[in-house]
Amino acid sequence: MSFKKKALIFGVGWLALISTLHGYLNVNWPAVLNDHLPVSKRKITVAYIPVTCQLTCPVTDYISKFSDNGEIFLPRLFQGFPEIKEALISNKVQAAFIVAPLAIALVSQGVPIKVVYLGHRYGSAVVVRKDGPVKAIPDLRGRTIAIPSRFSDERLLLFRAMKVWGLKPGEVKMVEMAPPDVSGALAANAIDGFSMGEPFPSQAEMAGYGRILFQAREYWPDYMSCILVVRQDLIDSRPDIVQTLVDGIARSGLWLDQGKPNREDAADFVGRFYYHQKPALLRWALTKPLDRVVYSPLAPRKDDFDMVRDLMMETGVLNKKIEFSEYTDTRFSDAASTQAPWRYEAGIASAN
Amino acid sequence: MSTIAEPNKWERLVWPLVAFVVLLGVWHYLVAWSGTKVFPTPAQVERGIVELFHKKVLWPDIANSLRRVAIGFGAAVALGVPLGLSLGWYPAANQVVNPVMQILRPISPIAWIPVAIILFGVGDPAAIFLIFLGAFFPIVVSCVDGVSNVPSVYRRAGRNFGLSPRQLLARVVFPAALPQIIVGLRLALGIAWLVVVAAEMVAVDSGLGYLVIDSRNSGKRYDLVVAAMLMIGVIGLILDIGVRRLERFQSIRWGFRNEF
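Protein chains in written order, with the numbering used here: chain A, 3 to 354; chain B, 2 to 261.
The following block holds chain A by itself, in its conformation from the complex (with noise of 0.2 Å):
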């Protein structure tokens, strides 16, 4: 065989290998698949992060396939907040669970979202080191403190303590992390604290090396952090998907405050299948106690968001005053007012 033969078979097997490999390995068929089906049947794309704030979007997707009419949309993972933005600005997902003051920020900033509903309420804590100088509020002060995003609750709750208890914006330093690094940022010792939404206050909590300093629902009554937007296009070409989208978010939010075997079961599917974390350490989050993060009522209220916009203007985020409805679009959650849990139970492959 001349070595010209040689070299084309080589080169094809080689080329036929990778070719493969990389479509089992890391094409995500169900995706390719629905972006070439007719725009009328197409599924949208939910964009979350693994944090329980985000819970209903994993939970909504699972019950949905053993449901009659199927799944509802795409979920697709992400590790941090500006990810997701570029994603959402681009087109690339058509909805997705980002924090309330960071759908605010864009909107002022001429990017066409609107929030549609909420993900959640309560479920962030501030945790300092277990054995750390930091005691109570007051010891912040000069502390290193991680959050999600210069744009988020998380942020806001921490301002507002410090405010309880006299403390000037600029005392406490804030850097922004991707949640999913924080604990290992504390237990290294990188930083003083944390403020972020579970499960990462309980996965320091468990491990050892974090002890919650206060929760959210001690500063901030009726706390909501993770709220879900949709792309203004979306909402104009196709408001039957976004009110299917609406429905099930918010028929999982009450499915998942029924009780404790449904958290159980949910800790369990969303930790194996969706945010690759132990089950364990869900359990721990949803379940200790079952109102450290709750999922209904979850209907966008403008008192909530009008505290979060003045708290932003205040902390010098947001630069002009943005109205609940320019950045709001709550027929969607006015229409979901009606609907009842899911029907399912773990165990039996149907719901409805």
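Treat the hints as calculated values from the structure; they're not laboratory data.
Backbone N, C-alpha and C define an ideal beta-carbon position, used for all residues, glycine too.
Accuracy of the hints is not assured; some may be wrong.
When the alpha-carbon atoms are kept at most 25 Å apart in a straight line, the in silico DSS-like pairs for lysine-lysine are as follows [claimed, not checked]:
(1) A:LYS170 to A:LYS323
(2) B:LYS38 to A:LYS170
(3) A:LYS322 to B:LYS57
(4) B:LYS10 to A:LYS323
(5) A:LYS170 to B:LYS57
(6) A:LYS94 to B:LYS56
(7) B:LYS221 to A:LYS322
(8) A:LYS175 to A:LYS132
(9) B:LYS57 to A:LYS175
(10) B:LYS56 to A:LYS175
(11) B:LYS56 to A:LYS322
(12) A:LYS94 to B:LYS38
(13) B:LYS38 to A:LYS323
(14) B:LYS221 to B:LYS57
(15) A:LYS323 to B:LYS221
(16) B:LYS10 to A:LYS322
Now the in silico label distances, taken between C-beta atoms and shown as ranges [as the list claims (entries may be wrong)]:
(17) B:GLY75 to A:TRP167: 42 to 48 Å
(18) A:MET3 to B:LEU31: 46 to 52 Å
(19) B:HIS55 to A:GLU316: 52 to 58 Å
(20) B:LEU31 to A:ASP308: 38 to 44 Å
(21) A:LYS94 to B:ALA112: 24 to 30 Å
(22) B:ARG245 to A:VAL177: 53 to 59 Å
(23) A:GLU85 to B:ALA112: 52 to 58 Å
(24) A:MET3 to B:VAL22: 50 to 56 Å
(25) B:HIS55 to A:LYS323: 22 to 28 Å
(26) A:LYS94 to B:PHE250: 49 to 55 Å
(27) B:ALA76 to A:ALA301: 46 to 52 Å
(28) A:GLU316 to B:MET230: 29 to 35 Å
(29) A:ASP308 to B:SER109: 46 to 52 Å
To give an idea of the chain B side of the interface with chain A (calculated C-beta under 7 Å), a few residues [to be verified]:
(30) LEU120
(31) VAL123
(32) ARG217
Since the structure of chain A is provided, determine the placement of chain B on it from the hints.
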């Protein structure tokens, strides 16, 4: 114009300038043509740079990045040049150390980030350590090669003139290896500048790398992101021009005589 012909002085200045302007034009019209509302035009980036100046972040960030490079690169030179010279001088020692170094050398400094943070915490030392790692190996390797490539006839001639080993190293081998060492330094400085940006994206809260991440985190402000990227490019160019100046010194220039 053939490739060997020496270009006129004005040509050397004008043509790159024309290429730069054409590039800006292409950029501007591509943005306009694609109708993107996200990626900025050159004019928006220019306004972004002005905004960064007015916010008084640009100079401190540039100074911080340069300071980290100066310390990390300086330490790499201070340790790498003597080590490289002695390894080149004692080939037996080089044979022992070389395999380990060839394993460590291809590891990107970025891969060291987690280790650097564990060793030094979040802050300047971690970033400087990464820059040091990035610059150290190219310097050592170029010194070893520089010394071992010195023709043995030079050494023999030196010995015949009665030079002691120390004098031989200082007055014959080092000057002979210098052109290659300078090339290694230039390469290492380029790598150090690449690494400082990456290191500042995770380990610290100042500098040009941090400026990119900070701009990214401030919502839809890609004009600031691109502005920070451009500043990184311009300063990298200035650093490179600075090292090229070194090559013009008489004591080094002999090694490049074919290029001039």
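Checking each numbered hint in turn, tell me which of them this model violates, lowest number first. As far as the earlier hints go, 2, 4, 6, 16, 19, 22, 23, 27 and 30 are violated by this structure, in ascending order.
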